[in-house]
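**Student:** Chains as they are written, first to last, in this note's numbering: chain G, 1 to 139; chain C, 1 to 139; chain P, 1 to 139.
Any given hint could turn out to be false.
If chains are identical, the list can't say which one is meant, so a pair holds when it fits in one copy or spans any two.
Simulated pairs of lysine to aspartate or glutamate, DMTMM-like, Cα-Cα distance not exceeding 20 Å [as the list claims (entries may be wrong)]: (1) K138 <-> E23; (2) K85 <-> E73; (3) K85 <-> D56; (4) K131 <-> D106; (5) K85 <-> E64.
These are computed hints drawn from the structure, not numbers from a lab.
A quick note: this is a predicted structure, and the numbers were derived from the prediction, not measured.
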Amino acid sequence: MEWLKATLHINTNGQGLHPFTDEVNAKIRQWEVSQGMAFLFVQHTSASLMINENYDSSARRDMERFLDHLAPEGENWYEHTIEGKDDSPAHMRTMITPTNLTIPIDNGQLNLGTWQGLFLAEHRHRGQRRKVLLRVLKV
Amino acid sequence: MEWLKATLHINTNGQGLHPFTDEVNAKIRQWEVSQGMAFLFVQHTSASLMINENYDSSARRDMERFLDHLAPEGENWYEHTIEGKDDSPAHMRTMITPTNLTIPIDNGQLNLGTWQGLFLAEHRHRGQRRKVLLRVLKV
Amino acid sequence: MEWLKATLHINTNGQGLHPFTDEVNAKIRQWEVSQGMAFLFVQHTSASLMINENYDSSARRDMERFLDHLAPEGENWYEHTIEGKDDSPAHMRTMITPTNLTIPIDNGQLNLGTWQGLFLAEHRHRGQRRKVLLRVLKV
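Isolated chain G (complex conformation) (with noise of 0.2 Å):
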């Protein structure tokens, strides 16, 4: 067995889901791992991992408005406030969502279901460059 190690830096471009999949599956061709697992660690607290559909827009934007409806912003019993109305529900947001995900890999990719994607969830309004700790053990 083998320990691979990576950071990725996804760019996200504001609030909402970014796929990057391709950049996850990119660094077990280059390392040529056939089967093993892949661990993925979001090294922040305002913004997350995700598995979910991948393929429907509209499915995708239901999903972020989901986010804004369970952790609004401006609730009036909002405590910590000081960092911009975005920054406690960004953080509540990043406690019901995964900050770590473990997806098996077989025949040299992820081995993800037909509709499933890879995303990072950014939680603040401003884009951000995000650090996410790819592990993989070749096996």
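Given chain G's structure and the hints, the job is docking chains C and P onto it.
**Tutor:** Leaving out everything else, chains C and P in the frame of chain G:
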């Protein structure tokens, strides 16, 4: 260390939580794994995985209703409605519940707590045949 | 590669987020693990794990209140009420927050982002002694 692979097929008979702890433990026994780590990955965007209360059916019904309250059908802001009124809520429920789980194996079985059980959460109305990838690192 | 195991006991003094990053890093140092992967698994159905903002107490209080808003006590549709008014909401909060985490280890410690910390989320009112399984793959 050894790498073991199987695909579990879970037939859901409709929306709700479907227990499948026994199917995973049966594989672990068959493979004669004493200790290690089990990785589970569901290959769908309208079903997810869950570890939760396994003994009280009223607790389970409350958990099922909870998803109906968090992501109800028929909200007027839903845009993605062409695949049925349960489709966009199914993606939303998948967002906030796990697509993947990692569970320690000890003494030849999943090392769950006393009250914990493993469930596949079917988010569509219609029962379906769902695929869950099981990977085990035998140590 | 090497497999290391420990059980952490976290005493919670009541409902809320309890930091325990230091307990995990202490084990990693004791085991002299330079790099690898840490796997955490909480053996309960009314407590969960979280990685989130670790420095601002007002952000933490907002996250705690957020769970009260998502899964409040005393909804009229709750059926499972015999174990206390905080029991069914505790299972619901466990559904939408992680039972397990996977975190890369580098340079002899958890490779967390600047603002990230590890928390056990106690969802019952009463403080309890909670068990978290720690497994480390040393590579």
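**Student:** Hint by hint, note whether the structure agrees.
**Tutor:** Verification of the supplied hints:
1. K138 <-> E23: within (18 Å within a copy, 26 Å between copies)
2. K85 <-> E73: Classified as within: same-chain Cα gap 6 Å, cross-chain 27 Å, threshold 20 Å.
3. K85 <-> D56: Between copies only: 15 Å across chains, 30 Å inside a chain, cut-off 20 Å.
4. K131 <-> D106: Between copies only: 15 Å across chains, 25 Å inside a chain, cut-off 20 Å.
5. K85 <-> E64: Both, since 17 Å and 18 Å are each at most 20 Å.
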